[in-house]
Each structure stands twice: as structure tokens, then as C-alpha cells.
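Put the complex together from the two separate chains, hints included.
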Amino acid sequence: MLTYDMASLFQHPLKFRARIPSAIVTFGGRPVGQCRIQVQRRKGAQDVENQDELLLSWDVATLKSWCTDVEEEIAILLQRDEDRATRTELAAVVVAVAVMAHIEPQTLFTRRSSTGTRHDYYLNETRDEMIEIAGRWEAGLPGLFEEKRDQSNLNRQLRKRWVSVTIVLQSPRNRTERRHP
Amino acid sequence: MTGTQAAEYRELELQSSNLLLEADSRLVLSRYEEAAFHALQAGRSRARMGELNYKADEWAGAAEDWLSAAACFLRATAPQQAQTVLRLVQQLSSEGKIPAHREDVRVAQEERTQELDRLRARARDLQRELDAQGCRPDVAAPKAIPFLVGRVREFPGFWPLHYLLFRQASALGDRALARKHLRWEATFDPDNANFTALLGFMHLADGRPDPAIELGSDFLARSPVSAGSVRVMLANAFAQEGGAGSRERAIEVLRPLLDDGGVDVKQRIAAVALSALFSRELGQEQEFARLLRELEALAGAAPSSGVADVIAEFRRSLPAAPNGQGSSRNGGTYALPEAVRRRLFEGARELTVGPMSLGAGGP
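Protein chains in written order, with this note's numbering: chain A, 1 to 181; chain B, 182 to 544.
Some hints could be false.
[Claimed, not checked] To give an idea of the interface, some chain A residues facing chain B are shown, with a C-beta separation under 7 Å as derived from the structure:
(1) Leu14
(2) Lys15
(3) Gln38
(4) Arg42
(5) Ile76
(6) Gln79
(7) Asp83
Hints are computed from structural coordinates only; laboratory data are not their basis. Bear in mind that the values here come from a model prediction, so they are computed numbers and not experimental data. All C-beta atoms, glycine included, are put in the ideal place defined by N, C-alpha and C.
Bound conformation, chain B alone (with noise of 0.2 Å):
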């Protein structure tokens, strides 16, 4: 190693091991999700310590690392990640590249590679008992709540256990715990856009702009997807914001929705009727007027007469010329009526963030 990846190497180690101190104090005090999120937060660190020991040709090293990663991933209820280094380590054991000597690193492997075949298995069950419960994101069920909440500290870091729990809490008014779920399901499922959407719509509910925008700024920055539903939730920070700039940013950050022909129709049918909005406000008829074209367009192409009922709820939303009618002249900007408003944004956040299915994703 390098003397810079030395130096990174000590702080990976102390840092992943204070966080698995931490991760028992939790679990002895009942913080299963807390105890979960430290374990995955250490198994993250464990698999960069592995690839330092790769880059370095300790190959021993990586393996140990990456096996020590993955029990970490095991104890977050995290099957995919510890996959991932799991496959790692058995490409070193198929190139011969750890020591003879080195039974233990063997014999771990094979530990931890049952173990995941029983998480996954325990996963399956799970499922069974959530569809024998009649437990559905879209489909609020007073009995499913205590049901899902017994079962939080066996798959504490299961971020479908979270989102089921989100969806019954916020369908059954408990937003407390709507909201408690909904934290987790976005921290065990970073790199999900719905869920970071989801989160960011949270703090525009309790009209706080600044952290929705850097939470979705942060995943548009780290995440190579178009992220519709993060797009959308943004363009309403930026509106949240209010004036001419936050507007025109709004537009831009939807501006990709609108120019890919690959994404997803629900997303883009919410990104041209919210850029149409943000355009009338702006005064910029000529675009405002072709956005609207285009929702009709759109219209031919919904995927279900519920999407059709939204567009036509756009429409009627949105004036059908720029006359100025039922708007506010400000500073620049018109600004169309406030409850007008709120219908776009939040049939634009029902079209992007709707319950989704626990297919996809899913371990």
C-alpha cells in the first residue's frame, strides 16, 4: 500500500470498528434499526478496506476484509450487498489467490455464505407471511401495522419491511410512525430515487426547502439514473423557494425528463406539466404554449385511465391560454393561484411516488 492508503486503511478500521461497538450497544438496547444501520455503515467501510488490500496484492487481506464486510452486511438484513462482496471473495478462491494456510478464511466463507442463503430464505418467508396478512403498499390494513412491527428486529435493515410499514402508517394517519419508516426505508435504500423523493417530500410537508434540496441535490450528484421522482420533488423545492430564479432552476433540473425519450411516462408526464407551470409563471408563452401541446400528446399515451384523469386534471389546472386570468402579477413572475398550485405538484408527486411494488428492488 501506499503511505496514502496506509493512512486511509488505519482510519477505515478504527472507524468500521468503533462502528460495530456501536452496533452491539444498540441492539442490547432494543435500537434494532440503529444497531442495523451502524452494521451497514461498517460493512461499507470493511468492503473499501478490501479493495485497498486488492490494489496493495494482499489477497489474504481483501478476503478477510471482504468476508468481515459481509458479515456486517448480514447483520443489517442487507442480502444484496453482502452478495456483492461475497462474489468477491469467491473470485479470489477460484484464482488460487488465497494461501493454502489460511483455513479460516475458508471456513468463513462458507459460514457466511449459508448465512445469506438463510437470510434470503427467512427474506421469502417474510414475503409469504406479508401476502398471507394481506400486507400491500397500496392497500391500508389496520392489522398489518403491530404485524410489521414485531418483525423489525429480525430484518431491522430491510428497507421493504420499512416501506410497507410507511405506507400502512401514512394510509392509517399515523404520520409519527409514517414518518419513522420512511427515514429508514431512504437510509437502508440509499440509491433508491422513489424513497429519496419520498424523503424530500417529507420536509416540503413541514415546509423545509433546504434540506429537500440538498438531499436530492446529493442523489442527482451521486446517481448516473435520470431519478425522476427526485427531479420532481426538487422542481417543488425550487418553487417552494419562490421568485423567478428558484423557477427557471426548477425547469432545469426537470429539462432532462423532458428531453429524454426513455423515461418513464409517468415522470414525464409530471415533469411537462409542472415545466408548463413554471413556464406560465414565467411569462414565457411560446414554450408554455408547446409544453401544453405536448401534455395532450401525452394524454394519448397514459398507461391507465387513473394517469389519463390526472393529465386532464393538469389540464384543467393550467389555463389554456396565457392571458394572465386568475393570476398575480410578481415581481416579474405570475404566480397562478395557490390551491391551483398545490393540485400540480401534488398530482405530480402522486404520478412519480405512487405505492410501487415490492418486486422491484427486492431482495
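Isolated chain A, as found in the complex (with noise of 0.2 Å):
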């Protein structure tokens, strides 16, 4: 099992840090807490696909020394349903980021792409190395990582990785579960 303290992403010249109150509050909410998650990735587009776990932990106390809005804007968003399918995609590139730790330490990502889908990301200073990232509750959003996939296609020149995160240990969330335990 792949492992990753979410306190590693200041560690990034890209502010994936402004990703963390949407991946703890997408993965539970506890200010301490560790969420284990599926984790779908290709290497590149020909190769075969990979089946990983991550166990992603937190401490709310500790990212407040380098965040300290994180308390607040968690509380922020456990309060509101709004936008929730953006919230899993930005959690989704944390889990992303996460991985490529482990598998390809060595590749930095360095711009966010807009030109196609929202969330994909050039890697190493280079203009054809690409991350493509998908996150979707279970079942949530059926489809969206091949629809991702084919306006990925449209350009065949780049060299790309994939992840897909399913996020299967928790059920969504509504508005009310944190007031009734």
C-alpha cells in the first residue's frame, strides 16, 4: 500500500496545498484522519492499467503551521454541498500528486493545462508530458474517465500518464451528518 501525509504537498512549487481543506473534507473531515483509496493509473496510453491503494493521513494541527486558513475553510466547507462534484476533482489531484510520488518521484509537475479538461496537469517543464486526472465518488459519475481519455486523444503526440480515483470508503456526505454523529 502506497502511503502519503498530505503535509508533503508544501513541498510542491505548484500550490496543490490550496487542494488540501477539499481533500480532507471529501475524505471525511476529521481534522487527524487517514482514508484509504482505489487508485486506477496507466503509465502511458498503450500501457496496461495498475491497481493501487493509498492510505492518504492528515493532522489538521500540523498544516495549520503552514496554512493557517486550513481550520477555517475545512469548517466551510463541511457546511455547504455546493460544488461538491469540484471539490472530489481537486481532492482527486491530491491523491494524483500522491501517487506520483511513489511511482515516478523524480517528475515534477509544473503547469496546469486549460486548454482541454480542467485537470490536467504538464509534467517536468516539458510540453508533451501530461497528467490526466479523474476523481468521481463510485458509480458517481460514470463515464467521466473515458470522456476524459478521448479529449486526451485528440492530441496522440503527448506522452501521457493517467490516474483514475475512485473514492469508494465513504458515502457522500449531506449537510447534516457532522452536526448528528
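What follows is the structure in C-alpha cells.
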């Protein structure tokens, strides 16, 4: 099993740390927590799909020393269900960064793209290495991964990695869950 | 790319990526205006990246960056900026400069164009709704505010919405809401002289001339237009500082409005009245008399009876002859009574930044 502490996000030049509140809330919203996440990945368009399990951990008290607003932002996110699909995708990016830290530790995320899909990144300061990331609740957004792959295949010259994150260990929360444990 | 350009490109690449990451995080927090602002800034960075690629004859890269900029501008609900960069992509495309194998660029170009069309259609729908609700800048309508606030999520960077909210909140006495949306309208339309002037007047109302002077000076440094409302605001700010030097700076900043015959008549009237005030206070008697005569001449050209009334008020506030009556001596200058000065400044402000039509500069 792969392990990753969200505090490591602060080592990236890209501000993935801005994703931390969304990830924590997506994975349960506890101040200190761990979450097992299923990840499907392919190293390239022609490669076979691999399955991984990631244990993502966090401690808000530690994160606060780098990001003073993290607690407040988690509290806001716990109170609202709007834009939950976006929040799930933001959490998926955190998972993708965590997985890549294990399987390609030298690979750098260097640019956020937005010509096609919204959550894709260029790697290693190149214009032909990319990573495609899809995040969804189990059975929540069927076909999303395939749709993103079709969009990406419009430019076949890219060297692409794929990471698809399926959140299966949590039920989608509702607004009152925290008030009625 | 040259070494310098490549370094600038890398810096913009990182900066714009981080701005987009920030935009996402603000969006899920319901901080819609902040999200739009970050997206707008990211779009500007990506537009510059497109320029750098274009200069380096990297056509596909330029198209990619400009399409990315368009996506950012559309997220920011900024249709004019999106249109500008999409035209650049269209030009590259029509010149055959995008390689045939870049199907992704062609598809993205179509998508962005359709998204721009949809944004414009939504903006037209919004305008119709505003009309139906009776939301106008010059008429206070209590029901308008909840309606307008409810549309911010869909149009977070759409300055006409923030302008209406500012006007409505001002008219109904909700100063905090008015200030919030005044800041956003000036942020999302930074080239609009009236919004910059309004923001400057807000600083002056707080007794803070320094940020008002900085704001107005920055605007004049980058704007080729006469920007009468900004000049009137700046003159007001200089006057708030006090002293002969500040009055001279105020006259200097107003001078282009006096010298240029093509200036909007309301702005010219305000500039003449304030210049007369400062000339009077500096003891420049001949100039004061000349400006009074000009003010009288402008009364005949006033575009409306309301403007003529303001000129008459100016004339009543300014003494007919520089005899020192009603003024006090202060370090080589004469200061007119504060109530008189306030009436003049308020009149000048209303003349230059009063309610404007949303048709001007709208989407």
C-alpha cells in the first residue's frame, strides 16, 4: 500500500496545498485522519492499467503551521454541498500527486493546463508530457474517465500518464452529517 | 525564445497555474468573486505567454496559451477579454499556422467560441431580467439587492452586476455592501475611469488621501484617455492634503481638462469650478476671474437643466470677486469655508461619477 501525508504537498512549487481543505472534507473531514483510496493508473496510453491502494493521512494541527486558514476553510466546506463535484476533482488531484510521488518520484508537476479538460497538468517543464486526472465517487460519474481519455486522445503526440481516483470508502456526505454523528 | 523570454515564460507558467489552483479553492468556498479574480489574472498571464510563443514563431504553443487564456476569462465571466484572445487564435488558424495534427487545438477553439456565445446569451438574459425587475443604477429598489446578490455566483466577474449592486446598496444606505461591490467593479474593469474615481472617492470619504492619490496616479500613468473623473478625484485628494503645493498639484492634474476642447462638458465644468477654487485660494486673482468667466460661458452649453443648476451652485459657492471675504488666511493661501469647499467637491464628484448607463462598455 502507498502512503502519503498531505503535509508533503507544501514541497511542491505548484500550490497543491490549496487543495488540502477539499481533500480533507472529501475524505471525511476529521481533524486528524487517514483514508484508504483506490486508484487506477496507467503510465502511458498503451500501458496496462494498474490498481493501487493509497493511505492518505493528515493532521490539521500540523497543516495549520503552514496554512493558517486551513481549519476555517474545512469548517466552511463541511457546511456546504454546492460544487461537490469540483471538490471531488480537487481531492483527486491530491491523490494523483501522492501516487506520483511513489511511482515517479523524480517527475515534477510544472503547469496546470486548461485548453481541454480542467484538471490536467504538464510534467517536467515539457509540453508533451502530461498527466490526466479523474476523480469520482463510486458510480457517481460513470464514464468520466473515458470521456477525459477521449478528449486527451485528440493530441496523440503527448506522453500521458493516467490517474483515475474512485472514492469508495466514504458515502457522499450530506449537510447535516457532522451535526448528527 | 531568448533566454530572458524563456525565463519570463516559465515564471508566468508557474504563476498562472497557481492562480488557477487558487481560483478552484475559492470556488468551492463560495468565494465566487475571488475565484473569478484569480481566473482573470491567470488569463492575463496566459495571454502574455501566448504573445511570447507567437514572437518565437511557436504558433501551436501560442494558440494553446491563448485558448487557455480564453478559458480563464470565460471562468471569470469576462467576455471581452475572451473574445480578444479567441480572435488571435482565429487569426493563426486562418493563416494555416496550426499544425493539422493538433486536433485538440481545433476542438478547444470551437469549445471556447461556443462557451463565449453562451456567456453572451446568458448576459443578455440577465440584462432582460434586470430590466424586468426594475434594476437601474439611478433608481433605488429594495427588492433589487437580493435579486442581484443571487446572480453573483453565475456572473462573479461581470462588472455591470457589481456596479448595480454598488449603486443600489449606496442608495439604500448599505455602506458595507456598496463598498464591497465598488471594489469588485473597479477590480473587474480596471480600465474604467469612473470606477477608479469612485474607488478613490471611497478612500477620500474614509479620510485617506494617500491610497486615492496612488490609485489615480497609477491610472493616469497607464491610461491614454483624459480620464476626467479620475482627475477630478485626484484634485480632490490633493486638496484634502492641504497646503499651497497640493493646490498647485490639483490645478496641474485638472489642466488637461481645461486645455482640451473635446473633453466631456460635465467633466470640464467640474474641472473649471475646482480650478477656480484652487486659484482663488492661492491668490491667483486673474486666473480666478478668467475661470469664473469660463464657468459662466459653460452655463450656456450645459447639457441639461440639472447641470445648469450645478453650475449655478458653483457660482454661488465661489465668491464673485477675490476680496478675501468669507475666507481665512493660512500660510500664504486663502482657504474658503469648509462648507463651501465641501459643496464644490460634492458637486464636482456628482458631475463626473454620477449614475451611468450600463450600455456603455457592457458585454
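These are the hints, each one checked on the structure:
1. Leu14: 6 Å, holds
2. Lys15: This interface hint holds because 5 Å falls under the 7 Å limit.
3. Gln38: 23 Å, violated
4. Arg42: Status violated, d = 19 Å.
5. Ile76: 5 Å, holds
6. Gln79: 10 Å, violated
7. Asp83: Nearest chain B Cβ about 5 Å off; hint holds.
Hint violations for this structure: numbers 3, 4, 6, all remaining hints satisfied.
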